[in-house]
Every structure is written in structure tokens, then in C-alpha cells.
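Residue numbers (the numbering used here), protein chains in the order written: chain A, 5 to 421; chain B, -9 to 213.
No lab work stands behind these hints: they were computed from the structure.
Model, not experiment: these values are computed from the prediction.
C-beta atoms are modelled at their ideal positions from N, C-alpha and C, and glycine is treated no differently.
Hints may contain errors.
What the hints assert, rightly or not - Between beta-carbon pairs, the in silico distance windows are:
1) A/Tyr375 - B/Val109: 56 to 66 angstroms
2) A/Cys301 - B/Ile14: 26 to 36 angstroms
3) A/Gly300 - B/Ser137: 55 to 65 angstroms
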Amino acid sequence: MNFLELTRISFDQLRVHKLRSFLTLLGIVFGIAAVISMLSIGEGAKAEIMQQIRMLGLNNIIIKALSLTASQQEEAKLSYAQGLRVADSQRIAHVCRLVRKITPLKQMDSDITFPRRRLNARVIGTTPEYFTLLNVAVNKGRQFNEVDIKGYKQVCVIGAAIKKELFGLSDSLHREIVFNHSTFEVVGELADRSAPQDTRNEKVKGAAIPLDDINLDIYIPLATISAKTVTVSDADKLTGILVQVEREDDVMPAADMIRNILDQAHRNVKDYQLTVPQELLRQSQAAQRTFNIVLGCIAAISLLVGGIGIMNIMLATVLERTREIGLRRAVGATRGDIVRQFLTETSSLSAIGGLCGIILGLVATRIIVAYSGWKTVVSPGIILVSFSVAVTIGITFGLYPAWKAAKLDPVASLRYE
Amino acid sequence: MNNNAEVIKLVDVSKIYDTGSVKIEALRGISLTVKQGEFVALMGPSGSGKSTCLNILGCLDQCTSGTYLLDLIETNRMNDDQLAKIRNKKLGFVFQMFNLLPRMTAVKNVELPLLYAGVRHRQHLSETALASVGLVNRLHHRPNELSGGEQQRVAIARAIVNQPEIILADEPTGNLDSRAGHEIMKIFEILNQQGITIVMVTHDQDIARYAHRIIRFKDGRIE
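Looking at chain B on its own, in the form it has when it is part of the complex:
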């Protein structure tokens, strides 16, 4: 893939939540493009649509209208299994709440995407990923034995273990103190330098500064 390829392209995307009595327009026809290797921050007040946008980019949700091209492939018409496969192979998620499985060790948590990818020798890959985020000596710790920053690093290892093209992060530093937050951002910078495209939702101006480009949302539209 050449360096300027459009890995993400949203064209006139809307998302309407139909709760029966009320219809909520979370996205009102947004268009945006993210090129390969970019580091983009999505900002905006709560309810502005940035998280909805991230969920659509992550194939966790589908848009009501418009087109979403991921790697020039239209995702709108994909079925559930195909979307699961894309999430597994092309995308890596990092959440505000880390979302680690509490009864599993760090290694086992990182192995999860490999498990669903059907990879066989998972432990080695999992350990390598954990080493790359600086957790060589925390391999067999459970989440409750790790600090917030360490937990988030396990989550990042989990996101990169399947060598995705894109990392989608939903307020990755929201639950961390600023020092841990900046450590996480340094890891993101390194991953970005390795060529991984990063799209991150954040409230924090300091954190957003790590991104090359900031896209601001307001009332379901891009400002």
C-alpha cells in the first residue's frame, strides 16, 4: 500500500438511533478521509458524535446512510461475520476502561485476537507484543495486579498483536493520570512511526497535541 492511500474514507455518513418514540441524529452527514500513517484526534463535546463516528470506523456499528470505505472496500454491505473478521485483522481497539478480562493473565488477554484469528503459536506473539509496550516482566500478572497505565499498555499490546493497519482509541488516557497518559501517547507515537494509522477520541488538549491532525465534532457534524 502506498503511503498516501486513503485507509479510511467516510462519505456523507449519517447515523440515526431510532429509540421508538424519538429519533436521535448522532451523525448528520459527515465526510472525512484518513490517509495511511496518519495520527488523527477526534475532539468535541459529549454527544457531538465523535464516539459514534469511532464505532462506525471500528465496524462495531454501521451507519444509517452514506458510505464507509475501509481500505477502499465498502463496509456497508458486509455481514456480521465479515465485519468481525475486519475488526480482528485490520483494526485494533484501545478503550478508556481498558476492557481486559479480569481472570486472565496479561499474556492470555493479549492472545484473544489471535484466538479468534485461529493463530496457533499465540504465546510467543503475545509475549512479543507485551515486550514492545515494555511489559516483559508483567506477562503473567492479572489486570488487578497492574497499574492503570500498565493495564492500558496490555490493552495496546492486545490491539497490535494481530498487526492491524489502524488503531482506534476511545479516550485511551481518560482513566489515567497525566504521566501515565503521556507514556501511553509515547507508545502511540512509536506505533504511528512504524506505520500504523491511529484514530483517537479525546477530550484532552494536551493529549490531542500528539496527533498530526485534529478533527472537531459539533452536533453530529465536523466543524
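The following block holds chain A by itself, in its conformation from the complex:
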């Protein structure tokens, strides 16, 4: 008896007991729906993180200065640690051969007072390498050049959102912006670089990586910002250093090296934080785990209940069809034929349940997206995995009833009323 024939018999049987088959399926349907949502949300989160990481640069290492607690400050003072400084940046560039590009960052929050009031922006003093490092293009005008840096020129390059906010559609080049009690000339305008999602949306804050919105930044030469620092001893103090290495594989060894260099220079005072975008992926996956465990449990319980449901209904079916089994055996069905028939029936049942579950899961995923704003990815792989899970459940829980059917004594079953 071939598979097609068996499938036909199975579907015939399911059609006869529509309601019963449907109720049997529910467990599988919900279980598979949970599996689909779980996997697609997981995949979505991973894709989002990957996108963010790509924006931060897979080859990049981010060093950020940490603000210290009072006791840590005492300790730092005792060990003459002075925080992240320009010298650190030079030291790393000098010692670590894996480094391709390095750029120091000095950041401050500032209120823009002209041409519009009360606009808070992040002002970052840096070097032209910054733009290549973050792979962001200057859309109009130019970056800072040697002349700007050497001459402590009051020039700035502005992010796309700032430009829009301050100048609307009119040209921004050579216009003036006032912040921090100084006037700066706009020499360049950055290309719009939106974060993976709408940046004003909350979820970016909740994302594993605190992604800075470049669109809202104003960049000025590092030399200029240093010169403006009130306290002389803080002039070469940095808020961060951005490092780029040659190859992806170099990121981890370079990070270790940089950690060594900084620990030595800072006399083991942890006044900096080193972020490797690659590492963030692992962290986000850890955060994802709780969610996966909850959904995984729901899926497992539903599938178990679904499986037991299938088993229950199949046992009833075997009893109901005792005479049929007897007759089939009398006309030449082997035990194997009977097992195959019942297994095909349960797997057809669970396959239908799997398909319904996949549809429900896709709908559920849509709903989750609509309400939470999470990103989800539904790949063919996920659908395939869920479907296989459903069919496997069907076969597993169908084994016992099928075996029972095959064990029936033909003589007794032919007489069964």
C-alpha cells in the first residue's frame, strides 16, 4: 500500500470526524503558534542587533570614559589615574599594531541658542577619522581639515536632524550656530542616517546597544573643544575613543591588548568601559533567553497536551474501528500495514495542526509587532522547523495507538461489536 493511498484513507477518516479532529488539533495549533512567534521574535531581535552592530562597525571597538563614584575617585587620586585622555589614544595607536584607525571623542551636552533657542544637542569634539570610522558620509560641504584643527577654528559639521531642526529646507552651509557661548560656522552636513527603527521610538532605548543618534549630533574639531575647556588640566580629557581594526578577527585580540594598555596606564582603575559590538550580540542573546524560556514552556506544554490529545483520540479510533482492522488483516494487511495506516493518520492530523499553527503563529507575530514594535523575522527555516515539530509530535504520540491496533487479534476483532 503506497503513501498516497494511506494519506487518502487518513483524510477520509479526518473528514468524517471534523469536529473531533479539529478539537484534537487545538493543542498542536497553539503549540506551533508559540514556536513560530518565539523563533521569529528571536530571529528578529538577532537581526536588529546585527544591524545595530553593523552600524557601530563590526571592526570597531568603543572605549567610553566612566564617571567614578566618590570612593573610586579617592582611589583614582591615590593611584594618580587621570581618566581617559588624549595620551591614551596616542598610546593605543602607538602600541597596538592591529589598530587601523583611531579617533578620540570629547562630548558635551549643550543648548543651542541661535538660530533657534533651547535646542539641546550633543556636541562632539573629534577628528575627521570619525566619519570614516562610523561610515557616515558628508552630504554637503566638507569635513574639518588640518587648517580647522591647527587654527582652533570654530567650525562644525551637523547631523541631518539638527540641520532640519535649525534651518529647515534652506541651505545650512556657512550659516552660524551659537552654543556654549561661542559662534560656530557650519562647514558640512552629514547624510541622514536613521537608526534601524524610528529613533524617536522608545524601543531603541530598550535595545541592547545604546545606539547614539548621529543625526542629532554636532561635530567640532577636538582641538577647538579642548581649547574651550575651562579647567586646563581637563583640556585633554576624553569621553571616548573609537578604534577600528583591520579585520573582524582582530577585534577580540585588539580589545584585550587595549584593555592591557589602559589598565597599565590607569593603574588598574576602572575608569573606562570597553565595548565590542560583537560582544553585544552575546549579551542580547542572554537577555532574549528569559523570553525564550517562557514561550518555550508554553510551546512545550501545548505540544505535550496536543500530543496527548492525539493519542487519546487515536486510541478511541482504534477501538471504534476494531472490525475494520480485523477485516483489513483478514484480506492481507500485515501488522506493519496497520501501523503505517494509523501513523499516517496521526501525522496527517498533526500536519494539518502544524499548518494551522503556522498561520496562527504568523498572525500572532504580526500582532506582537503591532503592539510592541519588536522586530520579527520569519524565515522559511522557522516554518520548516515548526512543521517538522508538529509532524514529529503526531508520529510520536501516534505510535502507541498504532501499535495497539496492530496487536489486535484478527479473529477477535472480526467479531467485535
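Position chain B relative to chain A; hints supplied.
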């Protein structure tokens, strides 16, 4: 196979049902031979062992002791799959309760043995078998749309569709009125004339008269 071949040979066959506390001896050492082309009726009161004997002949059950040679082949040592194959190829069953599958049409019911035999073009063979029992215009009826006699004829078509050597019938007329019963017996006679060996269990003397030989059972023994 020559005309006098012993298609069925039981030698000192016993069947004991062990229900745990009680042992029931259904057959107490019977021996019988059926030659090719014979039409034999098994008779006897209920519990005399005739049905048990038929089940053993049909390879639906195996004897506790003794030897059963089917076509000179010993069946005692065969496994389940081999027995299934014999039931499929060499034997055809006709039951008192017809045992048709209710949701299948006559053609589909008759196709069943072909299905397990792995035959491909089943419908044609099935229709031919149904035609030979006079059901040409009932091919696509379901059992509940057929009379008792017609249902039993579908069952006979199912029994002969795989061209078996032997037909085993367990009270084939037990659920039919006498007219339908005699019609069934006429079909049996025709099949027998075509060379099929028939072994039939019956209570009915009138029906038993169609057989060439009557074997009477009593208390698990042949009288």
C-alpha cells in the same frame, strides 16, 4: 496443481484457549483433508469447534499443536507477515456479517485485497469481480445502499478478486433470507465449478446440501 492435490491437510490439530484461570479446548486433535476443487461444509452445534477450525484454516489463528499444511506447506512456523501474505494471495474470506467498510463504495471495498497485494490497476479488476457476482450496476454504491444479499455478493467479489485457491465462508447465509441465501450458494457453486476450493461453516441443512461433503463437529472433534 493436479486435480487431486490436498490443498488443506490438518493432522492431529488441537487448539487450547488459555484464559488464565480456565483452559478451553476448542479443538481436540482433529485431522482432515480437503482436496483441490472440493466444496466442504463444516457443521455442528455452537462451541463444537467448527469456527475455530475455519479460523485456523484461514491463517487468522494458529493451532496449539498438530500440523496444518496449506498447499503442502507447513503454516505453523510462519510469521505474521507470511500469514498475511497467504491470506491475501491464497485465501478469500466471506463472513456472516459481510464486514464491508461502510464509508467505501463497492468497488473500493473489493479493491482492498488488491491494495495490500500491491496491485496497481485495481479498479478494473475490482469491477470485473463485481460483474461476475452480478453487481455491474451497483459498483459505486455504499454498503448501506445495498440489500443484504447484495452486500454479501460484494464480500464474495472481495474474496475472489485476488484469485484465491480457497474460499473460507463463515455462515455466509446466516444473515440473509432463504432466497438471498440460495442466490449466494449458486454463486458459490459457480466459483466451485471454476476450480476454487470452498470450505463453509453453516448451521443450515438446506445450505449444507450445496456442499459435496459435510464434516460434522462435536466437542472439538470430528464425528
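Review point. Any hints this thing doesn't respect? Which numbers, in order?
Key: Of the numbered hints, just 2 does not hold.
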